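Novice: One letter stands for each residue in the lines below.
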Amino acid sequence: MMREIIERASEDEDLSIALERAIESYMDSRVRVLSRYPYITELAKEVRRIKELSIERIEELIREAKDSMEENRMNVHIAEDAEKAREIVGDLVGTGKIVVKTKSITSDEINLRKFLQGRGNEVWETDLGELIVQWLDSKPMHFITPSINIRREKVAELIRRNIGENVDKDDIPGMTYAVRRFLRKKFIDAHVGISGANVIAANTGSIFIITNEGNGRLCTSLPEKHIVLAGVEKIVPSLHDAFKVSDVIMKYAGYSAASYLSVISGPSKTGDIEKKVVFGAHGPKEVDVVLLDNGRLRASRDERLREALYCLRCGSCQYLCPVFRLVGGYWGGDAYVGGIGILWNMIIGNYEEAKAQSLFCLGCHECELVCPMGIKTADIIREIKAEYMREMGLD
Amino acid sequence: MKDIISIIKENEKRYLNPLGLDKGTIVRWAKGMDLVRSETVFYTGGLYQMVPYIEKFASIMEKMYGISSTTIGIARLLSRAKSLASLVPVGNTERYNKIIRNIFTVLRTRINELGYLWEDDIYSGALYYDLGLNRTFESHIKVVSDIMRRNNVKKVITIDPHTNFVLRELMPKYTDFDVEVLHYTEVLSDLSIKADGYVLHEPCYMARWYNLSDKLCSILNGVKKPKTSGTYTNCCGGPIESLFPKIAKRIANNRLRELRKISENVLVSCPICLANLSRAGGANIVDVGEVIL
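If you're matching them up, the sequences are chains C and B in order. Here the UniProt record's numbering is used: the first residue of the first sequence is 1, the next is one more, and so on. Here the UniProt record's numbering is used: the first residue of the second sequence is 1, the next is one more, and so on.
Read the hints as simulated data drawn from the structure, not as lab findings. Predicted, not measured: the structure shown is a model, and the values here were computed from it. Heads up, the beta-carbon is just placed ideally off N, CA and C, and yes, glycines get one too.
Chain B is faced by these chain C residues, among others (derived, beta-carbon under 10 Å):
id, residue
1, 3
2, 6
3, 7
4, 321
5, 323
6, 327
7, 359
8, 364
9, 365
10, 370
11, 383
12, 386
13, 389
So that you can see chain B by itself, here it is in the shape it has in the complex (with noise of 0.2 Å):
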């Protein structure tokens, strides 16, 4: 567990976020697209993109658990790595940047001026909140919210429910700084995305703050729901794939039995949930920005 803990901590030291990944990628969904800086922002807070990284660090972990020196062998070695870039072929990342490309390009035919901060999209700080980093998530909230300021931002439209949470609930309990935040679903209540023959896995941050979950109800269509659904919907797992990746594994597995009771196909609304699910396996999981055109 110490291990893990140093690699996110040096990880947040040189590249600010958790798992290590360096500007470049985190924009990579952006690339040639013509995006302005406007005072209303498209953040992604780099958890798309994280995807196929927490997959693999996951994989990583889960397979050397108990054979402690080549964990600790792992662990070095992924610390001492310019960036987990090189784990990852560039081919696998294209899946989640383009979830990310799709949901820009509807949302910015609702908001005219809708900028993208570039170098400054940053982590939100979420999983070190969730492991009681304090310290850490205190002084990475800090950075986000001088981030905010200094580009005069006004209003943030954000794309996964884990980053909607820090900005919106803690950035202003944690900083002097408070901007209107909001989830794209709320950008896009007209919307009507054709979802027949989906069972619906709710995340925990949009069914239980701020009825998210019935806003992304209301914009899919024929989708079905599982018997824990709404509010009451179960986690799955992810919060804890960092420290007890075959725990969550098994979260997911359980969680997964449930949704494929109504389908094989499951739609999911978030990047942990598509992380975890996916790597339980034996379904097909989709994100809402893969269907969303």
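Bound conformation, chain C alone (with noise of 0.2 Å):
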């Protein structure tokens, strides 16, 4: 089945066409950022250094941010799995609210957009990329850009039906400041918002999150109460530390600088009526933050797996992959794509999956060579191939 939808993919035009325009945009910004800013690859490798001490200290560092965090006023909850932590995430949203979410692979990784509508609330993806996922039914297919298999026209098509504006699928503009009319009323009636969380400083218990479309301020900022879920990975000691893996995320990513670095560190308050402080302000009054494990301590004792905690999304490898090229994130697992995709499933526990679709990585290396903590995915893939290859007891 697997290996019929990954043929299927490969034989589909749309998406060859739709791979092709945003790889070749993606290339051409990447060089001509790397090459702006040389400092860029030092500051990678010091990254690196930043990710190998946090993940060695994760348990550490887990409890330094919830003491922050809580100093800070707001609720730190630690989900062990993905079951506990929709648990927790559906208690505190409730039923019949209107949700407003950034894109978060860590919610697709426990499929919490669904979840909550079956709670009976309406949610929203308020990234354009996602919420093109969302009316598709489909799943993201990059970290970056979600729904980089679609083709304009095809947008369009669904912005008419959607939202029944008359869009031109050539005016892609049009198109975007139609989702832009469409979302506005969501932001401004919204009673929760939900964002991942791109790296979290423990010293100060501060949330970063990285957008370009504007989004992630409106979610974290309209709404009485803001959930933040995050995987535990995202941690690192300080928030001087944070600061330079967002730039490292930002430039390999393909970004001079995004336009929306937001640090969150606390509920919205204000002391101005003498000296009484109270929240919720502007922004929420209430801030929770749910630090999901769901394999990665685990994983953070796995030699092999480690390496894939160190993965700061910034979605290189996928653009770089020859197989990705052909297929995009049909070939991977469901949140996570792409030949890192086949790492994260194992760390998430979708053990069968990912050695299975092990089997399509060529071995060429080229995720190693792009990514800026130089994660050995195509050497980690590789023995997820042989532990496959003894368990069916063809080695």
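Make one complex out of these two single chains by using the hints.
Specialist: Following this line, the structure appears as structure tokens:
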């Protein structure tokens, strides 16, 4: 079945054109950004060391981050697995609410949108690419560009069908503004905003969120309640470290600097009337942080899979992988796609799928070459293949 | 998939290579040549010799995929055949034997005592490693290292990037035998090959290990490069050809589309790239070994 899906994807002309357009554009941006900021390759090496040390001390950093966040009046919840995380977020949201979300692969990992919808909530993805994925009832096809597989013609059709605005297929700004108008009301009416985190500083309990569209700021500031769902591997020791990680993520995603870097360290508050602190001045009254394990702590002790916890999710390896260039996110897994997706599926316990998908890896090592963290994805996948061959009784 | 792995393993057991080439087929390139035994050896690993068989095997698998009973039937036929030689006419192998002869001829002008191991010129085991057949690879590479030791080999000159990688990178890790391994482009740095009109497809294992691609480019005069080249060269898809020939072919198509923007004449330097890009079709794929003289 999996082989059929991948072979069918390889024959899809629309997919091929969409991927070619997006990848060409990324390649040009990457070359431009990396040559304009030559310091970034050295900074990437430093960030690798920061991530290595962070994963080494992961349990200690979780405790430190929790303490710092609680000090800042954030509520912290530790979820050992996907089910527990859904339960926590589900209880925090309740039912009959309007929920706006930023793009979050971790929320895709636990299938959060559908879970909340199933509890009678109206949930909206507010990243344009993720909204396209939501309308298609599909899955994200890339870490940074979830709708990388969709051509503009299809996007125009989706907007016409879902918003009712008659947009032109060649008018990409027109399509973008139609979505802006549509989502504006959702932001205003939303009871809850859900975001992920690109990086978390343990010493200050600060959540870093990188976006270009500005949806991240609206999701995390307009609703009364903000829920952060983040994997525990996102925690680094200090605020200073977190800025370094953010810079590397942005550059390797192909941007000089993303339009928005939000640093959230607590609920909105004011003390302007007689120094009496009141929460929820303009932004959220409550901030809840759900730190998800779901196999990450086990992986931190696994010499092989630990590498994948260093992943910054910049998507470089996906753009440049020849298999991904052919079939996009149809290869890898559900939330985590491409070669790095195979490693992440092993982390979150989708062993069988990960092992079967590993056979499609070419072992060309281009992923390792372009990864700012130098993750040895191809070598690890080869070991996963070996495990599969042994288990199948073939070696 | 299980059938294909079974064929590969059965062939390893009988012929010490995944496609079941017999020793006569592997050493045919040297027929009539006066080759000595020496401490410095020319090692083919049989990979160029395999190209017509890889093409044949992949095309059978591609056609038969989806008709499971036929696939199994073909698989059994292949595994029972005395060797794959019967499926590929001898005439079709000459092009690849000539590539080997050409490279050897040029090398012999630089190395006085360049020897050959004849029947001991066996496959490196690269595919087993790539497929994750660790035990098969480990036992195979021990055979290779035993051969090297028995023949008192001190230096190996390889002619393809996969054999080079296995002997240079993996053999010291998996056996207690370490030997100096060089790719032929490292020995021929003073060469100047006329390559005007060609676009170069650099193989992954030359571009990303030991700067072999730089050595290759330095001896090719006038060759052009596509947008993704050098360290960032794009794979031809060949490594998954044995399991997923359709996907491998489409990856090759993608790569060829990029290469053909520069030229219809594509220069390669790897038997796997030669096989997979040729199978995709639509361009004139030529190995460096064909223009080296």
